[in-house]
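Okay, here's what each chain looks like letter by letter:
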Amino acid sequence: MAEAFSYINNLLLSGWSSLLDYLAAHVLLCLVPAFVIAGFMGTMIPKETITRYLGPKASKWISYPASALGGFILAVCSCTILPLFAGIWKRGAGLGPAITFLFVGPAINILAITYTGATIGMDIAIARLVLSILFGIVIGLIMAWIFRKEESARETEMEANGLFDQTARVKPAVWVLFLLLVSVLIVGTLQVDIFTNVYASIKLPAGLMGGVGSFLSGMDLTLQGAVLILMLVVIGITSWKGFEKIFEGFTGWTYAALAFIALTILIAAPTEEAGSLAIGINGRLIGEIVLLIAIAVVSRRSFSKDELSGWIWETWKFVKQIFPLLIIGVFAAGIVKVIIPETWVRTIAGQNTIWANLVGVLFGVFMYFPTLVEVPIAKMFLDLGMARGPLLAYLLADPELSLQSILVLNGVMGKKKTAIYVSLVAVFSTLAGYLFGLMLTIFT
Amino acid sequence: MLNIKILGSGCTNCKRLEQIVRKVIENNSLEAEIEKVTDFQEITKWPILSTPGLVVDGKVLSSGRIPSEAEITDWLNK
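Sequences listed follow chains W and C, in order. In the numbering used here, each number is its position in the first sequence, counted from 1, plus 2. In the numbering used here, each number is its position in the second sequence, counted from 1, plus 832.
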């Protein structure tokens, strides 16, 4: 009995420590801005800026890269992808670019890439980005070639519908704000001297800490970590009050929530030396202060309340949709890490072989994880000794293929096309993981 | 009587759009029926590239975004 109890206790501890890692400063510095940017792109950058390059008359040299880029800009959740996919295929540039879009969308949106970079490593994040774009285009070309007869028939019966002719004007302020937001992300995560150097340090009064400090270190928490978790709870409450009814106007809660979000980024930026009460004022903190002020000024000056409400709503929607699942996913992954014996993972996927990569892909197909949860799962496998090649194979295949998405695709484009698409993705992901693993062994 | 269709598979934004439309109808005491089109095949028949789509009397007025209350009021009062 006592044994069982300590086992369960052990599991929960592992889940808890994964969660702490997840809520740590470096992850928040990437996730908080990434959510805001995703919301920004969803509302401020009209879909027409991309879709006009995906019309029926667009040349291949333009439509394929534009589809890949479109996946990056337009799609964060799969519910917006399918209508666009069908539209591009049936009324626009055709099957090839549509497939490219379908493939690239879920894998390389800004949330997925930054989060992968922060938790697993920039090498995997960049490989994921580059390979997804490359394979998206290659798979699109292959599909278009296989079904070329059908495609040419479609082109002749296509009527001019003007659907893709719409253009949209994006005011310059949108791009300015976009650059500022991306800078927040870069300044917060990039490991270079200008940002990590400590220029000054502030000592917290010791008396303040005494008991609290020892309590926190008992829970494996730094003071910074504890404050950040507290801030997240505060943001959660104020956002609920301030953002849920944003379309009825800004309230005090809205401003409070916005201020707390900015404050969280600032709290996460400085370094805290373990065990000491000194806070290091680094380049990161100074940079973030400047950027946040600039963002506040530009948003106030150049954007209407309606535009800002739309942006806040979109961001809040993503957070509500994704964040709770992420927390559960991270906690569960921490627990599972203790249950799965390390030797299993090491024997099956510890080496970079074709077989190991295929296992990574198959696991991605049969396990369905909601958007972004694939990342903590991958982190878990990495901790258990999975090689980086198979890990990449898994990360490439998981967002593309799940039993659920295969069923939906089946309904949209039929059995034959779905089967070919699924096999292509599986083969290419396996190869990608394998080649990436080989490259790592050669260069290191 | 206006016929308003809201195209969308039930995502959050489609529900939000429906709420705003209902509010506008109520505020202006308009006569209208709201039809929610959630079937994917049915949605792709309309010339829109992304949901939510707003169709009034057979005409697509917006897609892929949530129009503001003022915009919708303007459209429905024509």
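Quick caveat, the hints were computed from the structure, so don't treat them as lab data. Remember, it's a predicted structure, so these values are computed and weren't measured experimentally. Heads up, the beta-carbon is just placed ideally off N, CA and C, and yes, glycines get one too. Heads up, a few of these hints could be off.
Claimed, not checked - Facing chain W, according to a computed beta carbon distance under 8 angstroms, are these residues of chain C, among others: (1) T844; (2) K868; (3) T870; (4) F872; (5) I875; (6) L881; (7) V887; (8) L893; (9) G896; (10) S900.
Query raised in the report: Which numbered conditions among the earlier hints are violated in the structure presented, ordered from lowest to highest?
Result: 2, 3, 7 and 8
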